[in-house]
Amino acid sequence: MLEPIKKNWRILLLVVVVIGSSVALFAPGFGPEPAPGENVSEAQQGVTNLQYGLDLAGGTRVRAPLSGYTATDVAFGGDTPESVADAVAAELDNASVRNVGVVPEEGAVEVTKPSVTESQFRTAMDAAGYEYAEVRSGVTQETRDETMNVIQGKINEAGLSGGSVQQIQSITGEYFILVEVPGQGRQEVIDLLEERGTVRIDIAYPDGNGTAVQEGTLTQGDFETIGTAAQSDRGTGAYVPVTVRNTAENGQSPAHSFQDAVAQRGFADAYQTGADRCGYNEETGEIENSNPCLLLVVDGEVVNSFGMDPGLADSMAAGSWADTGNFRLTTGEFAEAQTISLNLRAGALPADLDISGEGTSSSISASQGENFRTYSLVIGVLSVLAVAGMVFLRYREPRVALPMIVTALTEVYALLGFAALLGYPLELAVIAGFIAVVGTGVDDLVIIADEVMSEGDVNSKKVFDSRFRRAFWVIGAAAATTIIAMSPLMVLSLGDLSGFAIFTVLGVLVGVLITRPAYGDILRRLLTVK
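My numbering applies: residue 6 is where the sequence shown begins, and numbers increase by one.
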């Protein structure tokens, strides 16, 4: 009973791949589920589970560099990042500490203020006494990563299905941020990128009538710097370092005002060593013990509540804390600290996207996207018909040509199943990869058919296997060459070319491992007489 299975296992594997692809394409539970409130455009819905990218669904693409300059291989001389930032910012007339970033891991100092020129930044670095290798246009990798996190958070919060952000690098080495949002116009996307939410720190404290809230103790403009999330150096947990401005513009400085408010609400008495933590209940809005709390409020909603370190509370009560304005917002989880850091920034990008130049953004309407889908389908059908016609003209024998065409189409069908299963959006570059797969696939099948039939009739399985192995060595070498050639495009940040390379390599692997061997089994059954 197992003998037929052993003889035809490659054909059975091909059938399993086709069935699996059909399930991924059409089964209700396999498509990516939209998040609650997510806006799924009509162009992304349909009979199949396939997702369409901007080229085929319509939308907006923004490709722009981040404004700034970076000094590389900086000799810090044992100075802390904070002191380096202070020293460089002090030499810049048109920038503050919040516009100067120091990344010791990269040995870099950056300025993200668009009004600062390269020569001004060089002069500031020289005046601050720090040696460096060069000053280049652009920002550090840390800032690019943080920018992508902020933009992706904006896209997710807006409920835009299929929106993506990635970093790409030009052939000249310059880095760009690529933002793609299907189904949205250019101005809507630009507004989304430039939008800033409202963030403030309130004080919740108990009074005779329950819980009272002193709103706006600190607002966004009061922060001098907002650090990135870091693991705590005091054991478990994480924190976000912040600095409140201690310079007065009109009246009292924000740091002194915050210090007075904390002292007035009794934080020093409440948060002594061993005292209870903040007992604010975010659902009820009530304090469940007698301790006052700091509340992080984003767009009118309390997202975090904090107590206060006893030493910090005592320094505020003594009136000495405002001289520095530094404190940490601590939490138990690093992921939560990252969210706090993003909330404090209120969606503001750590560096501005330079979208002023020509060609930095492009839009495709929904009707254009629908036309592109139609044209892609037509081109795909025409390419298949052209290949099929040439194959029939060459062999003039349906038992050789028909399995060849069916096998090649099976490869494309399997790739569509992979795309649906992974939720990978189809772009024009991916469609080009499918067409390339059809071409290379049929080319390999022609090599098999020619090698098998070139020396006369195939009168036994042994003769067929010998000829098939010679052909398969050629196919394997060609497949290895294609994979090696495409691998850099898969791993480098080159935008749409990555999708083309990924699906071309997938098609080659599916062909070499599944469809070519299955075609060989089919051909052997049709041609051999013993």
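Read the hints as simulated data drawn from the structure, not as lab findings.
Mixed in with the good hints there might be a few duds.
Computed Cβ-Cβ distance ranges for the label pairs, DEER-style [said to hold, decoys possible]:
no., residue 1, residue 2, range
1, Val383, Gly25, 44 to 54 Å
2, Asn294, Ala80, 19 to 29 Å
3, Ala235, Gln277, 21 to 31 Å
4, Pro86, Ser388, 55 to 65 Å
5, Asp455, Ile16, 53 to 63 Å
On a predicted model such as this, the values are computed, not experimentally measured, just so you know.
Ideal Cβ placement from N, Cα and C applies to all residues, glycine included.
| If you check each hint against the structure, which ones fail? | Failing hints, ascending: 1, 2 and 5.
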